[in-house]
Amino acid sequence: ILSEELEKFFINWKNRTSQKSLSFIIEGYNLEMTNEIKKVIEKYKKFGTVKECEIF
77 ILSEELEKFF
87 INWKNRTSQK
97 SLSFIIEGYN
107 LEMTNEIKKV
117 IEKYKKFGTV
127 KECEIF
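For my numbering, add 76 to where a residue sits in the sequence shown, where the first one is 1.
I should point out that these hints are in silico values taken from the structure, not numbers from a laboratory. Since we're looking at a predicted model, the values are computed, not measured. Ideal Cβ positions, reconstructed from N, Cα and C, are used throughout, including at glycine. Wrong hints could be hidden among the right ones.
Distance condition first, Cα-Cα at most 20 Å in a straight line; then the derived SDA-like pairs of lysine to any residue [claimed, not checked]:
{"id": "1", "residue 1": "119", "residue 2": "83"}
{"id": "2", "residue 1": "90", "residue 2": "78"}
{"id": "3", "residue 1": "122", "residue 2": "86"}
{"id": "4", "residue 1": "119", "residue 2": "89"}
{"id": "5", "residue 1": "127", "residue 2": "98"}
{"id": "6", "residue 1": "114", "residue 2": "125"}
{"id": "7", "residue 1": "121", "residue 2": "92"}
{"id": "8", "residue 1": "90", "residue 2": "101"}
Just the calculated beta-carbon pair ranges, DEER-fashion [said to hold, decoys possible]:
{"id": "9", "residue 1": "93", "residue 2": "127", "range": "17 to 23 Å"}
{"id": "10", "residue 1": "88", "residue 2": "112", "range": "15 to 21 Å"}
{"id": "11", "residue 1": "93", "residue 2": "115", "range": "26 to 32 Å"}
{"id": "12", "residue 1": "93", "residue 2": "131", "range": "25 to 31 Å"}
{"id": "13", "residue 1": "122", "residue 2": "100", "range": "15 to 21 Å"}
Just need the whole structure built from these sequences, with the hints factored in.
Have a look at this one:
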């Protein structure tokens, strides 16, 4: 998954009507990609869209 795709997902998830939680795992990415993904996740943690996240 690219950071841009993840950002689009979080935008849609934030605007959903259902408030059910979602879990997903991100694994097997190179360091540069992982850092980009972490930035997106941290951004949406601040907005309250993401509660917890672990990247392996």
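Okay, the hints, checked on the actual structure:
1. As the CA atoms of residue 119 and residue 83 are separated by approximately 9 Å, the hinted pair is consistent with the 20 Å bound.
2. A distance of roughly 18 Å separates the Cα atoms of residue 90 and residue 78; the hinted pair therefore holds under the 20 Å criterion.
3. Annotation: proposed proximity of residue 122 to residue 86 holds, straight-line Cα distance about 12 Å (limit 20 Å).
4. With a C-alpha separation of about 14 Å, the suggested pairing of residue 119 with residue 89 holds against the 20 Å cut-off.
5. Distance check on the hinted pair: residue 127 and residue 98 sit about 10 Å apart at the alpha-carbon level, within 20 Å; holds.
6. For the proposed pair residue 114 and residue 125, the alpha carbon gap of about 14 Å is at most 20 Å, so the pair holds.
7. Of the supplied pair hints, the one linking residue 121 and residue 92 holds, its CA atoms being roughly 16 Å apart against a limit of 20 Å.
8. For the suggested pair residue 90 and residue 101, the alpha carbons sit about 19 Å apart, so the restraint of at most 20 Å is met.
9. For the hinted restraint 17 to 23 Å between residue 93 and residue 127, the CB-CB distance of approximately 18 Å keeps it satisfied.
10. The beta-carbon spacing between residue 88 and residue 112, approximately 19 Å, falls within the hinted interval of 15 to 21 Å.
11. Distance hint check for residue 93 and residue 115: the Cβ-Cβ separation is about 27 Å, which falls inside the suggested range of 26 to 32 Å.
12. The hinted window of 25 to 31 Å between residue 93 and residue 131 holds, with their beta carbons roughly 28 Å apart.
13. The hinted window of 15 to 21 Å between residue 122 and residue 100 holds, with their beta carbons roughly 19 Å apart.
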